[in-house]
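Participant: Each chain is listed here by its residues.
There are 2 protein chains.
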Amino acid sequence: MAISTKIQEFMEKSSWIRKMFEEGSRLKAIHGAENVSDFSLGNPNVPPPDLVNKTLQELVSDNTAGVHGYMPNSGYEETRKAVASYLGKIFGVAVSADHVVMTCGAAGGLNIILKALLDPGDEVICPAPYFVEYGFYCDNHGGKLVTVPTKEDFNLDLSGLAEAIGPKTKAVLVNSPNNPTGQVYPEEDLMALGSLLDEKTREIGRRIYLISDEPYRDIVYDNIEVPSLFKAYAHSIVTSSYSKNLSIPGERIGYVIVHPDAEQVGLLLGALNLANRILGFVNAPALMQRLVARIQGVCVDKSIYEEKRNLLCEGLKYAGYEFSVPKGAFYVFPKSPIPDDVEFVRILQEELILAVPGAGFGGPGYFRLAYCVDDQTIKRSFDGFKRALDRVTK
Amino acid sequence: MAISTKIQEFMEKSSWIRKMFEEGSRLKAIHGAENVSDFSLGNPNVPPPDLVNKTLQELVSDNTAGVHGYMPNSGYEETRKAVASYLGKIFGVAVSADHVVMTCGAAGGLNIILKALLDPGDEVICPAPYFVEYGFYCDNHGGKLVTVPTKEDFNLDLSGLAEAIGPKTKAVLVNSPNNPTGQVYPEEDLMALGSLLDEKTREIGRRIYLISDEPYRDIVYDNIEVPSLFKAYAHSIVTSSYSKNLSIPGERIGYVIVHPDAEQVGLLLGALNLANRILGFVNAPALMQRLVARIQGVCVDKSIYEEKRNLLCEGLKYAGYEFSVPKGAFYVFPKSPIPDDVEFVRILQEELILAVPGAGFGGPGYFRLAYCVDDQTIKRSFDGFKRALDRVTK
Numbered sequence: 004m005a006i007s008t009k010i011q012e013f014m015e016k017s018s019w020i021r022k023m024f025e026e027g028s029r030l031k032a033i034h035g036a037e038n039v040s041d042f043s044l045g046n047p048n049v050p051p052p053d054l055v056n057k058t059l060q061e062l063v064s065d066n067t068a069g070v071h072g073y074m075p076n077s078g079y080e081e082t083r084k085a086v087a088s089y090l091g092k093i094f095g096v097a098v099s100a101d102h103v104v105m106t107c108g109a110a111g112g113l114n115i116i117l118k119a120l121l122d123p124g125d126e127v128i129c130p131a132p133y134f135v136e137y138g139f140y141c142d143n144h145g146g147k148l149v150t151v152p153t154k155e156d157f158n159l160d161l162s163g164l165a166e167a168i169g170p171k172t173k174a175v176l177v178n179s180p181n182n183p184t185g186q187v188y189p190e191e192d193l194m195a196l197g198s199l200l201d202e203k204t205r206e207i208g209r210r211i212y213l214i215s216d217e218p219y220r221d222i223v224y225d226n227i228e229v230p231s232l233f234k235a236y237a238h239s240i241v242t243s244s245y246s247k248n249l250s251i252p253g254e255r256i257g258y259v260i261v262h263p264d265a266e267q268v269g270l271l272l273g274a275l276n277l278a279n280r281i282l283g284f285v286n287a288p289a290l291m292q293r294l295v296a297r298i299q300g301v302c303v304d305k306s307i308y309e310e311k312r313n314l315l316c317e318g319l320k321y322a323g324y325e326f327s328v329p330k331g332a333f334y335v336f337p338k339s340p341i342p343d344d345v346e347f348v349r350i351l352q353e354e355l356i357l358a359v360p361g362a363g364f365g366g367p368g369y370f371r372l373a374y375c376v377d378d379q380t381i382k383r384s385f386d387g388f389k390r391a392l393d394r395v396t397k
Numbered sequence: 004m005a006i007s008t009k010i011q012e013f014m015e016k017s018s019w020i021r022k023m024f025e026e027g028s029r030l031k032a033i034h035g036a037e038n039v040s041d042f043s044l045g046n047p048n049v050p051p052p053d054l055v056n057k058t059l060q061e062l063v064s065d066n067t068a069g070v071h072g073y074m075p076n077s078g079y080e081e082t083r084k085a086v087a088s089y090l091g092k093i094f095g096v097a098v099s100a101d102h103v104v105m106t107c108g109a110a111g112g113l114n115i116i117l118k119a120l121l122d123p124g125d126e127v128i129c130p131a132p133y134f135v136e137y138g139f140y141c142d143n144h145g146g147k148l149v150t151v152p153t154k155e156d157f158n159l160d161l162s163g164l165a166e167a168i169g170p171k172t173k174a175v176l177v178n179s180p181n182n183p184t185g186q187v188y189p190e191e192d193l194m195a196l197g198s199l200l201d202e203k204t205r206e207i208g209r210r211i212y213l214i215s216d217e218p219y220r221d222i223v224y225d226n227i228e229v230p231s232l233f234k235a236y237a238h239s240i241v242t243s244s245y246s247k248n249l250s251i252p253g254e255r256i257g258y259v260i261v262h263p264d265a266e267q268v269g270l271l272l273g274a275l276n277l278a279n280r281i282l283g284f285v286n287a288p289a290l291m292q293r294l295v296a297r298i299q300g301v302c303v304d305k306s307i308y309e310e311k312r313n314l315l316c317e318g319l320k321y322a323g324y325e326f327s328v329p330k331g332a333f334y335v336f337p338k339s340p341i342p343d344d345v346e347f348v349r350i351l352q353e354e355l356i357l358a359v360p361g362a363g364f365g366g367p368g369y370f371r372l373a374y375c376v377d378d379q380t381i382k383r384s385f386d387g388f389k390r391a392l393d394r395v396t397k
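Chains as they are written, first to last, in the numbering used here: chain A, 4 to 397; chain B, 4 to 397.
Looking at chain A on its own, in the form it has when it is part of the complex (with noise of 0.2 angstroms):
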């Protein structure tokens, strides 16, 4: 075999997502794409903050020496300290510059944390369903996902947590609000697994990091907030990115925020640090990093979102389907009406509808929707998904 053995079987094993990727373009090209409801991917569609495009229009015509050389791997010391400052008040507790690694996306954030924390063969526990990149980010780095099935409504399942965590875990992966499900976990929910985070880590003798992915924070709905995990639990490691509320996701910037109060936390920073230099990441990009440092705090139109969620749940809602209001991000988790979902996904797209199987996510008998589309392409889909369910159901 000239190609690794275990990157053919990872292509040989997505390739079914990738045939229907293939045929969802190609229902596009035979009735033309704007009959079709591609609900399957993630791509932000609403534009970027107007700040986004001024700020970055001043930026580039600044030509000051060394403005796109290379700055320490953790970043910018001014972006650093703006991402600090922020985060400290809405997080509730005092951070400092040092204790942020500057990184390429949420995506960047979660291979350094992991590569800095794992040992071969430790664990990482995660909450199913989940999205479906954390299997390979923790292969990648000698580690293994361990999922816990969440309760019907996608809430943490605390005792099936507990169950799960044992003398190889390393760390607790949450992702609120939630990619595919919607659903932001409650602060008492937190609350409890910071406790029980200690007294795992008490019974095993190692320390249980907690780690948080984050890039839906600010993409919540109903006048909502989404709880600080710094005040749930000491030990905890939040990543997140630039990517969604700022609809900027190709350009690949995010950041780690380390409790200050985290074990180890001089040694785990300086692990973060080599970490984004060893892995190849180098340093967040430049520009982007000076963009940031700028904006802290801005956000795109989230009601544009919030009222795309509401029509497209009262569109399932009028088909029949069964399903959780989501309370933040922009994808919904409806039950399939038949246990297999690949095949009712199938069945979608006879009626011109692109979703993606549960079972991509660790939630098979679901399927997800992502709703970061236009309203027309969501109004269309209704009658589309009243007949997908007659047809099963009847």
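Don't read these hints as lab results, they were simulated from the structure. Small disclaimer: the values here were computed from a predicted structure and weren't measured. Please note that a few of the clues may not be correct.
A pair holds if it fits inside one copy or across any two, identical chains being indistinguishable in the list.
Said to hold, decoys possible - Listed below are the simulated SDA-like cross-link pairs for lysine to any residue, each with C-alpha atoms no more than 25 angstroms apart in a straight line: (1) Lys147 <-> Gln11; (2) Lys311 <-> Val70; (3) Lys171 <-> Gln11; (4) Lys397 <-> Gly197; (5) Lys9 <-> Gly138; (6) Lys147 <-> Trp19; (7) Lys147 <-> Pro123; (8) Lys171 <-> Gly138; (9) Lys84 <-> Ser28; (10) Lys147 <-> Glu12; (11) Lys84 <-> Leu62; (12) Lys31 <-> Arg394; (13) Lys57 <-> Phe139; (14) Lys338 <-> Thr396; (15) Lys147 <-> Thr8; (16) Lys320 <-> Ala32; (17) Lys171 <-> Pro123.
Knowing the structure of chain A, use the given hints to seat chain B on it.
Facilitator: Chain B alone, transformed into the frame defined by chain A:
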């Protein structure tokens, strides 16, 4: 241990380099940065070509929907076309956009190549001295870097390479123009290397790929040309970045290009695409992809580096050092006048000259000077170089 044991070992092993940099900072604080000659960092100091700033200004005034959004993991079709069209001419081998993957710099490029190729225990053969990150990059993906000393003039030792290649060899990794030596491998050596790899592939019964890290391709002197690896060996994978030719290393933009006749080329390109995604790069930064699509073939004024090279070489000659005149990149790698290069670098520090010991590059007995610094920094170092040499030889 809370953090990864291996990462902690890496941090301990490289602590002497950190201490050396800290000593440099201490010297600057005491004596004033303007009195210290810092040759320790390869951070390009020639400003980006005007076209970089002009094009960026044009690009950020384009607010078309989605310009900062996700694109395929391999990058924009338009960018990959521009890279393929330009490099096809330079390399003398026709390539298409399909053979190009845009990456987060050459460091990102090397990591996706190694992820795509390596199975646990696979070896990557590399001439030494070498860029110290290569060892980490191989280790990231379960591989092992095996180094083979170059000849006295830092050219390839083909019989040494032939001896080192065995059944575990997955690839040979070359870097020309070379960091830290400034050597550029001549065409006949690359052709001989190509023949050797074909022969060894037959011998071990598994394809050996040739990986070339070429970020300094455009920074060469005395009108020499960097030969095309694609003409020397069909199973070649080239990675590079725009960090040095456009002086934008902080922006993390580069590419991987695969020879169209490489064994399993389709699988390999699929694997590179997947590796870009699952290692957390996701895609090369969008805005910088749009930049380089428009300015292929543009380069900083390399005559500035050539003059700096000439100036530093004159100074080293005046002071009495033994060294090969670099043909490219912006490093010179003189012989340490005492066998212990770490000790000699300490002596240079006492003369307010900052260098990096050759031991850091797998080249003990030498030291590296990066001459991407202003001319005054170079000029004021001459007497210090002389005094340091006198101290150890008189």
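Participant: Hint by hint, work out which the structure violates, then give me just those numbers in ascending order.
Facilitator: 4, 13 and 16
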